[in-house]
Amino acid sequence: SQQGEEDPQALSIQEGENATMNCSYKTSINNLQWYRQNSGRGLVHLILIRSNEREKHSGRLRVTLDTSKKSSSLLITASRAADTASYFCATESGYSTLTFGKGTMLLVSP
Amino acid sequence: DTEVTQTPKHLVMGMTNKKSLKCEQHMGHRAMYWYKQKAKKPPELMFVYSYEKLSINESVPSRFSPECPNSSLLNLHLHALQPEDSALYLCASSLLAGPYNEQFFGPGTRLTVL
Chain A
1 SQQGEEDPQA LSIQEGENAT MNCSYKTSIN NLQWYRQNSG RGLVHLILIR
51 SNEREKHSGR LRVTLDTSKK SSSLLITASR AADTASYFCA TESGYSTLTF
101 GKGTMLLVSP
Chain B
1 DTEVTQTPKH LVMGMTNKKS LKCEQHMGHR AMYWYKQKAK KPPELMFVYS
51 YEKLSINESV PSRFSPECPN SSLLNLHLHA LQPEDSALYL CASSLLAGPY
101 NEQFFGPGTR LTVL
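Note that the protein sequences, when read in sequence, are chains A and B.
No gaps in the numbering here: position 46 of the first sequence is 46 in our numbering, and each next residue is one more.
No gaps in the numbering here: position 112 of the second sequence is 112 in our numbering, and each next residue is one more.
Bound conformation, chain A alone (with noise of 0.2 Å):
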């Protein structure tokens, strides 16, 4: 089942700028991951945040958790044109079986 809703479905932004991302979700969880897909291949794992974590920084990544909004946002600062890709936010409960958002395709121009 379903468990991660991210919003929005596409952004659209110029290198340089920052892009947000958030994510909602309704079930508890040991944890919330974000992934990057290029182009239809195979997913890179970006940053993981427990339920315990509020937030937590990678380079120029940024991830907040809500976990009483059940909520997480992901914030990618000074963008680049190769940071094009659809991004995935996935939660884990119980035993270690992800559940992927319907996830954000990010597209940053030149």
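Simulated from the structure, these hints should not be mistaken for lab results.
Pairs of lysine-lysine residues, derived as BS3-like cross-links and limited to a Cα-Cα distance of at most 27 Å, are as follows: (1) B/K9 to B/K19; (2) B/K19 to B/K36; (3) A/K26 to A/K56; (4) B/K19 to B/K40; (5) A/K70 to B/K36; (6) A/K26 to B/K36; (7) A/K70 to A/K26; (8) A/K102 to B/K9; (9) A/K70 to A/K56; (10) A/K102 to B/K41; (11) B/K36 to B/K18; (12) A/K70 to B/K41; (13) B/K41 to A/K69; (14) B/K19 to B/K38; (15) B/K41 to B/K19; (16) A/K102 to A/K56; (17) B/K38 to A/K102; (18) B/K40 to B/K22; (19) B/K9 to B/K41; (20) A/K26 to A/K69; (21) B/K40 to A/K102; (22) A/K102 to B/K36; (23) B/K18 to B/K38; (24) B/K38 to A/K26; (25) A/K70 to B/K40; (26) B/K40 to A/K26; (27) A/K26 to A/K102; (28) B/K18 to B/K53; (29) B/K36 to B/K22; (30) A/K26 to B/K41; (31) B/K36 to B/K9.
For each label pair, taking beta carbons as the anchor points, the in silico distance ranges come out as: (32) B/T112 to A/R50: 34 to 44 Å; (33) A/N18 to B/K40: 16 to 26 Å; (34) A/E53 to B/L114: 41 to 51 Å; (35) A/H45 to B/L73: 19 to 29 Å; (36) B/E58 to A/E5: 16 to 26 Å; (37) A/H45 to B/K9: 17 to 27 Å; (38) A/R60 to B/E102: 17 to 27 Å; (39) B/G98 to A/N18: 29 to 39 Å; (40) A/R60 to B/K18: 43 to 53 Å.
Glycine included, every Cβ here is placed at the ideal spot set by N, Cα and C.
Given chain A's structure and the hints, the job is docking chain B onto it.
Just chain B, lined up with the frame of chain A:
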């Protein structure tokens, strides 16, 4: 070696064919996964193997038959597929099955069923 490889990259098959997808990793991971991804949709979990044993089958039709012959290799045998089974099939692995284990994905096999 920190990657998951999948072969073939593309596969076209008829509904009466039998084919197999192959996935390999040499990272010493003991958990391996198959996902199915339709166009413009998120990946959906199909199977989870832990220590070469099937631990999760997400109610996948029997025309998909997974096999894990050793800790580095994962196969997906396909038989009598339907056109709606056309999708990107992704393999992933993680050090262990269980929470907080990062999954590493292969590039996928794009399957077309005619």
